Amino acid sequence: MYKSFEPNKIFLITSKAPKYVLFLFIVVLTIGLTEALVLSPEDYKQSDTVRIMYVHVPAAWITLGIFSSLAMLSVGSFIFKNKNFALIAKSLAPSGLVFNIIALVTGSIWGKPTWGTWWAWDARITSMLILALFYGMYILAWSIYEDREKVIKITSLIAILGAVNVPIIKFSVDWWNTLHQPASIDILSTNTAIDVSMLIPLGIMTVAFALFSLLIFLMKYNTELIKVKNKGLDRL
Amino acid sequence: MINEIISMNGYGAYVWSAFSFTLSSFTILYFVTKLQLSKEQKRFASKFGSLNFEKARVARSQNINREILSNTSNI
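These protein sequences, in sequence, are chains A and B.
So the first sequence is numbered by this note's numbering: it starts at 3 and just counts up by one.
So the second sequence is numbered by this note's numbering: it starts at 845 and just counts up by one.
Okay, chain B solo, but in the shape it has when bound:
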């Protein structure tokens, strides 16, 4: 059974390489996108941390900024 699945009637090299290429592309794209997101979140957190009290208060008044900060703490 396992041998049949691996050999695919002699076409295993074609079938498995097509599926491997697809799944590797998915994995690479997922991790590259995740890395870009976490980089941008860290940049946001560091910029937010350098704001003075008044500016931080204004920035914190926006829901989206609070949401980004809460997600950043989960990285």
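Only chain A is shown next, with the shape it has when bound in the complex:
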């Protein structure tokens, strides 16, 4: 099974896929933006500020998903001693950090008209900021350490420690009395507090954001593989 994770085989797919993913991303994003900014209704309480949800929520979901993947890949690289897991994790991190920053900034912009403040040190927002710091440490560690074995151990440790924060972010709005509203959508059940007319653009924007993170991952992964091959040429 692990032979299918061989970089040589993966590169044949990852080198061709970005152009198709980019095309699909542009199509889905265009539909998503039209739905989010023009066709979807305003909220009876929040008025048009609710439209910020269509960038804020998908960004938050994707950054949490990416960090969870980083942690799982790190555990995988420890157990199976497969360096390609670390390479995949390294390639996922940049888009994870950017989505985290987008979630924080758009949340702050949304906070001003709804809460009357740009920032509050409440549990959800603070734990998201801590996640951004973990992403920062993870990416920084890859650029600081030269020794490959050492950097894989350090970055895996950062990802696994940071993963403790993921459930804290998810349940912070239930565990503590926060300014941030509780989750409106429960993926595990059919209960949702959002109307279908808003759920559709939210879904489309989430797909668009997922496609963008896939695109960046593929390009970054190709870069990392070529770096490895460059070192291989030096050894010839």
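Just so you know, these hints were derived from the structure itself, not from any lab.
Keep in mind the model is a prediction, meaning the values are calculated, not measured.
Do not rely on the hints blindly, as some may be mistaken.
[Claimed, not checked] Listed below are the simulated PhoX-like cross-link pairs for lysine-lysine, each with C-alpha atoms no more than 25 Å apart in a straight line: (1) B/899 to A/11; (2) B/886 to A/233; (3) A/18 to B/886; (4) A/229 to A/155; (5) A/152 to B/886; (6) A/83 to B/878; (7) A/21 to B/886; (8) A/114 to A/47; (9) A/152 to B/899; (10) B/878 to A/85; (11) A/18 to B/878; (12) B/891 to A/233; (13) B/883 to A/11; (14) A/18 to A/229; (15) A/152 to A/229; (16) B/878 to A/21; (17) B/899 to A/233; (18) A/21 to B/883; (19) A/21 to A/83; (20) A/83 to A/11; (21) A/11 to B/886; (22) A/152 to A/83; (23) A/85 to A/229.
We have chain A already, so just place chain B on it with the hints.
Okay, now just chain B, sitting in the frame of chain A:
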């Protein structure tokens, strides 16, 4: 209609700045990643070009190296 979309009931500055920030972040990340990829491809091509005949033959025997070179010619 256009004015309504721009003003967003007086919240246009918040809504448009949130969307602009998101799309600008996407654009910057995409071009930075693309630049890093093309730099690495060029480095590979230049190293490959400096190999002697025998080393180049060994390197060319690997599918992945041929694939990288074919992508580099498309830059």
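Each hint, compared with the structure:
1. Restraint check: the Cα-Cα separation between residue 899 of chain B and residue 11 of chain A comes to about 22 Å, which is no more than 25 Å; the hinted pair holds.
2. For the given pair, residue 886 of chain B sits about 14 Å from residue 233 of chain A by alpha-carbon distance, which is consistent with the 25 Å threshold.
3. Of the supplied pair hints, the one linking residue 18 of chain A and residue 886 of chain B holds, its CA atoms being roughly 18 Å apart against a limit of 25 Å.
4. With a C-alpha separation of about 20 Å, the suggested pair residue 229 of chain A and residue 155 of chain A falls inside the 25 Å cut-off, and the hint holds.
5. This hinted pair does not check out: residue 152 of chain A and residue 886 of chain B have alpha carbons roughly 28 Å apart, beyond 25 Å.
6. Straight-line distance between C-alpha atoms of residue 83 of chain A and residue 878 of chain B comes to about 30 Å, which puts the hinted pair past the 25 Å bound.
7. Our distance criterion of 25 Å between C-alpha atoms is met by residue 21 of chain A and residue 886 of chain B, whose separation comes to about 19 Å.
8. Our distance criterion of 25 Å between C-alpha atoms is met by residue 114 of chain A and residue 47 of chain A, whose separation comes to about 15 Å.
9. Simply put, residue 152 of chain A and residue 899 of chain B have alpha-carbon atoms about 31 Å apart, too far for the 25 Å limit, and the pair is violated.
10. At roughly 24 Å between alpha-carbon atoms, residue 878 of chain B and residue 85 of chain A fall within 25 Å of each other, so this suggested pair holds.
11. A distance of roughly 14 Å separates the Cα atoms of residue 18 of chain A and residue 878 of chain B; the hinted pair therefore holds under the 25 Å criterion.
12. A threshold of 25 Å between alpha carbons decides the hint, and for residue 891 of chain B with residue 233 of chain A the separation of about 10 Å falls inside it, so the pair holds.
13. With a C-alpha separation of about 22 Å, the suggested pairing of residue 883 of chain B with residue 11 of chain A holds against the 25 Å cut-off.
14. A threshold of 25 Å between alpha carbons decides the hint, and for residue 18 of chain A with residue 229 of chain A the separation of about 18 Å falls inside it, so the pair holds.
15. At most 25 Å may separate the alpha-carbon atoms for a hinted pair to count; residue 152 of chain A and residue 229 of chain A meet this at roughly 18 Å.
16. For the hint linking residue 878 of chain B to residue 21 of chain A, the alpha-carbon distance of about 12 Å falls within 25 Å, and the restraint holds.
17. Between the alpha carbons of residue 899 of chain B and residue 233 of chain A the distance comes to roughly 14 Å, so the proposed pair stays at or under 25 Å and holds.
18. For the given pair, residue 21 of chain A sits about 18 Å from residue 883 of chain B by alpha-carbon distance, which is consistent with the 25 Å threshold.
19. With a CA separation close to 32 Å, the supplied pair residue 21 of chain A and residue 83 of chain A exceeds the 25 Å bound.
20. Between residue 83 of chain A and residue 11 of chain A the CA atoms are separated by roughly 19 Å; this keeps the pair inside 25 Å, and the hint holds.
21. Between residue 11 of chain A and residue 886 of chain B the alpha-carbon distance is near 22 Å, which keeps this suggested pair within the 25 Å criterion.
22. Proposed proximity of residue 152 of chain A and residue 83 of chain A is supported: the alpha carbons are some 13 Å apart, at most 25 Å.
23. Annotation: proposed proximity of residue 85 of chain A to residue 229 of chain A holds, straight-line Cα distance about 14 Å (limit 25 Å).
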